[in-house]
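Chains A and B are the protein sequences, given in the same order. Under the numbering used here, residues 1 to 541 are what the first sequence spells out, in order. Under the numbering used here, residues 1 to 346 are what the second sequence spells out, in order.
Please keep in mind that the hints were generated in silico from the structure rather than gathered at the bench. What you are looking at is a predicted structure, and each value in this text was computed from that prediction instead of being measured. One thing to keep in mind: the hints can contain errors.
[To be verified] Only part of the chain A face toward chain B is listed, based on derived beta-carbon distances under 7 Å:
| no. | residue |
| --- | --- |
| 1 | GLY12 |
| 2 | ASP436 |
| 3 | THR440 |
| 4 | TYR442 |
| 5 | CYS491 |
| 6 | PRO499 |
Ideal placement from N, C-alpha and C gives every residue a C-beta, glycine not left out.
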Amino acid sequence: METPFGITLDVGSSRANHTGSWRVERPVYVDRLPPCNDACPAGENIQGWLYHAESGDYESAWRALVEENPLPAIMGRVCFHPCETACNRVRVDDAVGINAVERFLGDLAIERGWTLPEPGADTGKRILVVGSGPAGLSATYHLRRLGHAVHLVDSSHQLGGMMRYGIPAYRLPRDVLDAEIARILAMGVEVTLDHVVDDVEQERRDGSYDAVFLAVGAQIGHRVSIPAGDSSRVVDAVTFLHQVADDDPPLLGRRVVVYGGGDTAFDAARTARRLGATDAVIVYRRNREHMPANEEEFAQALGEGVTMRWLSTVNRFEGERLVLEKMRLNEAGFPEPTGELEELDADALVLALGQDTDLSLLERAPGVVIRDGVVEVAPTMMTGDAGVFAGGDAVPADRTATVAVGHGKHAARSIDDYVNGRVREAVARHELASFDRLNTWYYSDAPRTRRPELEKIRRQDTFDEVVQGLTEENALFEARRCLSCGNCFECDNCFGVCPDNAVIKLGGGERYEIDYDFCKGCGICVSECPCGAIEMVPEKI
Amino acid sequence: MTKRPVRFYQVGSFAVGNRLLTDDQRTVQSDPNRTNSIDSGHRACQGCGEALGARYALDAAMRAAAGRVVTVNATGCLEVFSTPYPETSWRVPWLHSLFGNAPAVATGVAAALRVKGREDVRVVGQAGDGGTVDIGFGTLSGMFERNDDVLFICYDNEGYMNTGVQRSAATPPAARTATTDAVGPEPGNVFGQGKDLPRIAMAHDIAYVATATVADLHDLEHKVEHAMTLRGARYIHILVPCPLGWGSASSDTIKVARLAKESGLFPVFEAENGRVTSVSPIRRRTPVEEYLRLQRRYAHLFGAHPRPDIVTRLQEIADENIARYGLVNDETEEIPVLEEAKEMVH
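Here chain A stands alone, though its shape is the one from the complex (with noise of 0.2 Å):
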């Protein structure tokens, strides 16, 4: 090239400057695990079905929300969602309302008729699944998708267990539940109903089973001993619900009392209601502070005309009067008697203490350990005699659908590692996205949508159900308030701050590659990357 008069030297380009050399520090995309996922009992990969329904393609948020929990339309009307208490958004201004989402897409599939993945190629192995609630279902799921053919037995007329037959239908619609158990069935599962096993071992070896998984629940109400002149006016919690799901529902009168402060006391409490009480009235020892109750139950009990007495027991029954004694709590927060009593007009009492197991089916298997009522189980929830497996409330953990749901999947995981002579090597935990990690200033304010509520006159005398579904628009706007703690959602951020241009933006889910030649290592990606999915990282030198 012919240069102008004075200049020896052609044109070039910056490029040749590789300003990379100055780095001490780089920048490195992470994945760091979202608090929903890390507080989900059934290991859901929340953020990740959510990602998909923020562009409205729905399908896929469905199937990568099944590839965890086969009952997303049941899990979006009964779990407690410690999803959204550990929402970071809640910083912001309210939680993503991720069990609507979850139960919206739960919806659309029964609708649309989805189906679930097919069952894995058929590996010869056959499990036997003892019980059929979520623990059981899920199990069941998880094994046909593993190739293992499965006999799910239970105990009961109909499957479904607790769900069936422990939440009431304005939670939880039959036919949502006759739907999620159908696709599972559909993978091909061998049922039988009315069969209650009495010896896990004798059973085993009767069907050749290569493993067993109890999922029995926890049926029996507690019982304690309450001096009553006519015990055919107090029934347990557990029996009562039983009942009216097979829609033979006892006589309670008009004033119940339901005593106990779970949430079977206001199952049982709303219940009554439904069933023609005009007086529902819970009596519960301690105070709402101390009160295990799901919060949205209790909103919801009220709302409905059910009342609360606090501090009080029960202390006899006498004709259709309830003696009641006045408790205070101590400094431990434990409840003490005062001594003092006073009477409340009843017809019936409802007892809902807590529930056991009945665990007589493992009385002859060896190495069993029962403790508390419950069967010890190891990390992959085999029991102490190996190649029996137990989950849901039969183990000691949270008595809730979401972790039996949990164990089902775990289980199943673990069962197939049995059956194939293998062990499992721990994976290591993502690093939590706490909030600390995010630069909030990015997200848009935006409010939760409400779920409605049927009004209140009518569910005071119906079984339909309480909570209404969002539309779709209103999924949508809530599916798009997720932050996307701790993984790249593709905002473009990072290859917009970039003072040297050394980001590359491969696009299409594809996200971002760091140019090192150019990358000086001044973290401004890091700082503004509003979830937190890039990490800076020392040089070696």
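Following the hints, put chain B in place on chain A, whose structure we already have.
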């Protein structure tokens, strides 16, 4: 920004882009085929706000003018770090003459293009705050006064950083520079001096005057694009933090710019024909102290011998800006309405 409806996306409208937006709703910077007016390999410090601001502004101007832009650059950091002979980082036609004459050279380029009948080619003059408020001020005022068809952009990093951080007429009060030591009863730069160039430009009654920061890309691009739709003299003043001269962390460049605006110390507004037409309201109001503490040039106001009296005086400046431009309004926290969810459904 104030002209745009608040849309609700996963990240609102504050991030550079978003996979859920259509291409025409994204910023120029989110486009993988953006001009990259100033290329990799330039010798600006880590986290340089000026390199960022220049790319933001020129890429937006290039898109608005369909790639027909000539730039004229004054002496300063931007010139020195981008063109060490024989390399250049510029991917746009670029001229450099002297420190003080960039506005006059830009006037000449515009005149030449007019003579050649090339009114499709647009001229952008650019300089740091030294080249704008001090050394180039006379030629700039002349360019405004003649209403020459030039968009002039000042990248304001509040001092002569390239030559070792000396004070300019854009250095804020109390800031420590090499020529305003943090000693004596009135440490750092004096109060009551310096030039507010956006207001001086407005006093020329030119077509368009705007301020912006590198912390709000949507706003900055909107202003450059709007300026490119107008003819005659136009001026945009962009705040570009300097990690070296301000003593801030290189990773905090955008954060510092954001706090300058959110505290009220740097008012962001636009004006046409001498009148303010819109302001960017403060979204999360912040005390000036939060802004000052990130910068070592204000370190003498804190620490073992703090000067809360001086911090109070700086806060008064911010409060005065907030009152003058009306920077705080009822919508300081923007809440989108639900109806707007509809527009994204399909």
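Hint check results:
A hinted interface residue such as GLY12/A counts as satisfied when its beta carbon comes closer than 7 Å to some beta carbon of chain B; here the least separation is about 5 Å, so the hint holds. Evaluation of the ASP436/A hint against chain B yields a violated restraint, the C-beta minimum of about 14 Å exceeding 7 Å. Annotation: interface hint on THR440/A violated; nearest CB of chain B at approximately 10 Å, more than 7 Å. For TYR442/A, the interface hint holds, the least distance from its beta-carbon to any beta-carbon of chain B being 5 Å, beneath 7 Å.
Nearest Cβ of chain B to the Cβ of CYS491/A: about 4 Å, under the 7 Å cut. The hint holds. For PRO499/A, the suggested interface contact is upheld, since its CB lies about 4 Å from the closest CB of chain B, less than 7 Å.
The earlier numbered hints that this structure contradicts are 2, 3.
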